[in-house]
Amino acid sequence: MALPKSHNYDPKHVFDIMVIGSGIAGMAASLFSINRKLSTVQAGSAGGTLFTSGVLDLMAIHPIEEKKVWSNPWEAIAALRDQAPLHPYARISDEDIHRAFEEMVSFLNSVGMNYRFEKSRNVRLITSMGTIKHTYCVPESMWHCIKAHEEKAPCLIIDFNGLREFSGRQISSTLQNEWPLLRSLRVSFPGTEGLNEVHPVHLAQALELSPVRESLAARILPEIRNVRYAGFPAVLGIKKTPAICAHLEKLLGVPVFEIPMMPASVPGFRLKEVFDSSLPPKGLLRLIDKRVESVTRLDNGNFILNIGGPHQDQFIQARGVILATGRFLGKGLMSDRKEIFEPLFRIPVWQPANRVSWHRERFLDPSGHPINSAGIEVDDSFRAVDGTGKVIYDNLFIAGSILAHQDWIRMKCGSGLAFATAYAAVNAFINNFVNSSGRVTA
Amino acid sequence: MEKTLLGSPFLYALLYVSIGISLAGIIFRITRWFVVDTGPEAGLIPVKKRAASVLKGMASFVFSLKILKMFKVFIFEVLLQSRILTKDFIRWIMHFCIFFGFTMLLLMHALDKIITKNVFTDYFPTIDPFQFLRNLFGLMVIFGVGIAVYRRIRSRGSFLATRYADRYALVILAVIIVSGFLEEGVKMISENAFNRMVNTYLYPDDPEDVDALKAFSSKQYGTVFSSAKFNTSPKLLAKGEMLNKQACASCHAPAKTAFISYPASRLIKPFAVTLNKTRADIWLYYLHVLACFIGLAYLPFSKFFHLIADPLTIAVNGVSDPRNVDPSTALTRRAMELDACTECGTCSRYCSVSPVFTMLHNTEILPMHKILTLKRLSSGKKIGNAQMMTISEGAFICTTCFKCTEVCPAGINLQDQWLSSRELLSEMGHPLPHVWLKKFNASEWSDRMRENESTQNEADEGIVRYNNLTGDSNVFALCIQCQTCTNVCSVVAARTDPRDAVDITPHKIMNLLRLGLHDLTLGSRMVWDCVTCYQCQENCPQGIRVTDIIYELKNKAYAHFKKIDRSAAVKEDPC
Chain D
1 MALPKSHNYD
11 PKHVFDIMVI
21 GSGIAGMAAS
31 LFSINRKLST
41 VQAGSAGGTL
51 FTSGVLDLMA
61 IHPIEEKKVW
71 SNPWEAIAAL
81 RDQAPLHPYA
91 RISDEDIHRA
101 FEEMVSFLNS
111 VGMNYRFEKS
121 RNVRLITSMG
131 TIKHTYCVPE
141 SMWHCIKAHE
151 EKAPCLIIDF
161 NGLREFSGRQ
171 ISSTLQNEWP
181 LLRSLRVSFP
191 GTEGLNEVHP
201 VHLAQALELS
211 PVRESLAARI
221 LPEIRNVRYA
231 GFPAVLGIKK
241 TPAICAHLEK
251 LLGVPVFEIP
261 MMPASVPGFR
271 LKEVFDSSLP
281 PKGLLRLIDK
291 RVESVTRLDN
301 GNFILNIGGP
311 HQDQFIQARG
321 VILATGRFLG
331 KGLMSDRKEI
341 FEPLFRIPVW
351 QPANRVSWHR
361 ERFLDPSGHP
371 INSAGIEVDD
381 SFRAVDGTGK
391 VIYDNLFIAG
401 SILAHQDWIR
411 MKCGSGLAFA
421 TAYAAVNAFI
431 NNFVNSSGRV
441 TA
Chain G
443 MEKTLLGSPF
453 LYALLYVSIG
463 ISLAGIIFRI
473 TRWFVVDTGP
483 EAGLIPVKKR
493 AASVLKGMAS
503 FVFSLKILKM
513 FKVFIFEVLL
523 QSRILTKDFI
533 RWIMHFCIFF
543 GFTMLLLMHA
553 LDKIITKNVF
563 TDYFPTIDPF
573 QFLRNLFGLM
583 VIFGVGIAVY
593 RRIRSRGSFL
603 ATRYADRYAL
613 VILAVIIVSG
623 FLEEGVKMIS
633 ENAFNRMVNT
643 YLYPDDPEDV
653 DALKAFSSKQ
663 YGTVFSSAKF
673 NTSPKLLAKG
683 EMLNKQACAS
693 CHAPAKTAFI
703 SYPASRLIKP
713 FAVTLNKTRA
723 DIWLYYLHVL
733 ACFIGLAYLP
743 FSKFFHLIAD
753 PLTIAVNGVS
763 DPRNVDPSTA
773 LTRRAMELDA
783 CTECGTCSRY
793 CSVSPVFTML
803 HNTEILPMHK
813 ILTLKRLSSG
823 KKIGNAQMMT
833 ISEGAFICTT
843 CFKCTEVCPA
853 GINLQDQWLS
863 SRELLSEMGH
873 PLPHVWLKKF
883 NASEWSDRMR
893 ENESTQNEAD
903 EGIVRYNNLT
913 GDSNVFALCI
923 QCQTCTNVCS
933 VVAARTDPRD
943 AVDITPHKIM
953 NLLRLGLHDL
963 TLGSRMVWDC
973 VTCYQCQENC
983 PQGIRVTDII
993 YELKNKAYAH
1003 FKKIDRSAAV
1013 KEDPC
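Those protein sequences? They're chains D and G, same order as listed.
Quick note: the first sequence uses my numbering, first residue 1, plus one each step.
Quick note: the second sequence uses my numbering, first residue 443, plus one each step.
Don't read these hints as lab results, they were simulated from the structure.
Think of the CB as a built atom: it goes at the ideal place given N, C-alpha and C, for glycine as much as any other residue.
Since no wrong hints were added, every one of them can be taken at face value.
With beta-carbon atoms standing in for the labels, derived distance ranges:
| id | chain 1 | residue 1 | chain 2 | residue 2 | range |
| --- | --- | --- | --- | --- | --- |
| 1 | G | GLU895 | D | LEU329 | 35 to 41 Å |
| 2 | G | GLU893 | D | ASN177 | 55 to 61 Å |
| 3 | G | LEU920 | D | SER357 | 22 to 28 Å |
| 4 | D | GLU214 | G | ALA494 | 53 to 59 Å |
Work out the full structure: start from the sequences and follow the hints.
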């Protein structure tokens, strides 16, 4: 498994797995494959994980037309298997989904990003809009938010002058009927007095320093009075969030929590930091901000991937590829006037018959749009298949939101889907190539 | 005859006049060092104090151990010119030949009555080794001048500009040396000179004696006689040789050791009679001596002044710390350094930002040209606003990397010159772009730019040089305004003072580009304060080249803004 110190893009060096994509699915696939001692290389844009809210969904809404919310995600998945057998979850057992989640969360906990979830329950989390999000696993720093909301306890939401994407008043007024004891408070963040605009990452960086926290707490303390919880926008540090929360709790005398913000938000930065800094020491060769421009396949089935562009002769040879390039934003899927296509391997994309049927008439149609379920179809080993169900390449596996027959945003199943399909893809690679195939290993 | 020539009151008078002019000129120029304005301290330190601190500095130097270092500096850097040797061998050969040859000619030949005669009691200019050495030294000077002319013709251009002063210096050197050789050659073939010698030193016993000597002289020294009334028989020659031994040889070595003048005399032999008749030996002598006098008188006002200023500069800077400038003596030193510059162009060839010159064609970027400009500035000449803007541009492109100071053969502390002149420029209202840019905000710049460009209707010559990222919508179309660039921007984070806050943050710049409002971005603080740390570009989830775009905008902004008169007041918006 030991990687050469400088493989220098030697195309003769064969990696076990090349993960293409650096979002949640790509990161999960990389983690699972290095945990299984596969030599792994990963390429992708600088930060797909930046766009995450920081909370990890498993499964909450099904069917989307009815917006039926499930308080037990496993029941939702069971219903899904029954009613939508093409959904990627239908190809993975509950045990595997659970193991994938466990493996990911234990990794995050091991590097200081504490996450919390209950085995069979979706939690109700407040968003920066004041709406309720049903999710499965949240950062420890947001757990008190769920508690406070459940108890409807007296609570103070703090926001900052110039922080445009977060308003305590918006939250308290939206939740007024449901949670009358919720109050909001606007203060100037220490050191930003008079600024028109402040930016969440800068606040998070500033809060890593204890004098800033003390100064901030001093501004809030007079308003604490009888409240039992204090809520902040998700800016409580980048690397030391648990310690910062503990310090603020000590200073304010009440439990504090974070409320997730619009992407790209600080929890997304935290995830990016963790993946960027913790996976390479575990053996991952991570090519940050390097895109795979083209791919060729050798006679023995190995893929040669051209990294970085046509004028840079940088090549990676890998025995298997996990494609986790995401949908349109991640450029895993693209479209022209006629069709949706997958730009790298040009594998078939399951999609509505023509462009007219991509979208329904109403933009906010509760059942979503057919294009949202377009994507790559796979077999039970998560290998891409064509329209007839035939495997295209026996060593090309698909993971994450690029998969067909799911609408992760509406179903609230994004992270779970990413973890579970990445888990299944890595295991399928091992079953097909390491355990059973006669092919020479690296 | 010899005596009358040298001792003629006319020549003596000229000699004293030229010495007088020379001394007065040297004193004038050295005095100027204490007066001219060469830096931001100028107004604060009176002339008296400047002179006093220089004297004090000299005194403290003389009574310190630094004087030992001075010997080393003098031998290696002044006499052997090691500063040139380490940079350019051909130039060193050229300079050393001229310097050594001319100095030796001065000491051995021109000042022979004062120096050589007292050192070597049997000195006579026409015996060896002096005759040979004079030719050797003369040849060295001519060789050096030849290389100089060749270099100046071959590497013409901005890096080695040949001006009047350079031509004058080479011409006067060539005239002195060539006239000297010719004069010696003409004398060899001159019947008049022969006659003068015979009349003075030969006491003929026999009328045939003169003929015999003529015959021998014609063979041995190449003298040409208008009427050969003698038969060159071996007997006559033998007699001539004997007479020569008796009367001439003690003062005259065989002419062939004058290995330049003798072949020269062979060349002009066909015209010997005419030259004799026109007394070429005399007028060539006058030409030679007068050229020397002119050179002497003009020395303080010519390039030759570096003979005085350079050793002083090398000595002063050789023993002082170039990075730790004493402000009280700095003004004087800088003025002296300006005089020490010979415009040799070494600094320009080693300049780190000379590639910028090849793009902008602003000669004020090149150190050699900047020194010339500093001379103009310090002499108080009026310079127009447009020219000052050009000068300011050149001055602030310099990175003060210290390279020019290290290579300067005259040992000038060029970096100090640049730093002080920048301060001077800032005081005069021509600071670096990042400062004058802040006079207006982004939208004011945009208004002025539109106004300026509509009146001038100029093609934007600056754009073709760059990648034109900002003109290609594919480059920034992917932006989804997620603000990651702004969030990771260290400049935005560092600006916590509202008066100094970044106005248009990186993601807003991308949005303005998407809206086609390029002109509004150009004058923004973000573009000008960007430290190109590449955090935004490296973190952009969409892979947009944010930093490259901002950098290009800055270059474009500069290309536009430098054409705008920034001294005029802002127009009030009527709305």
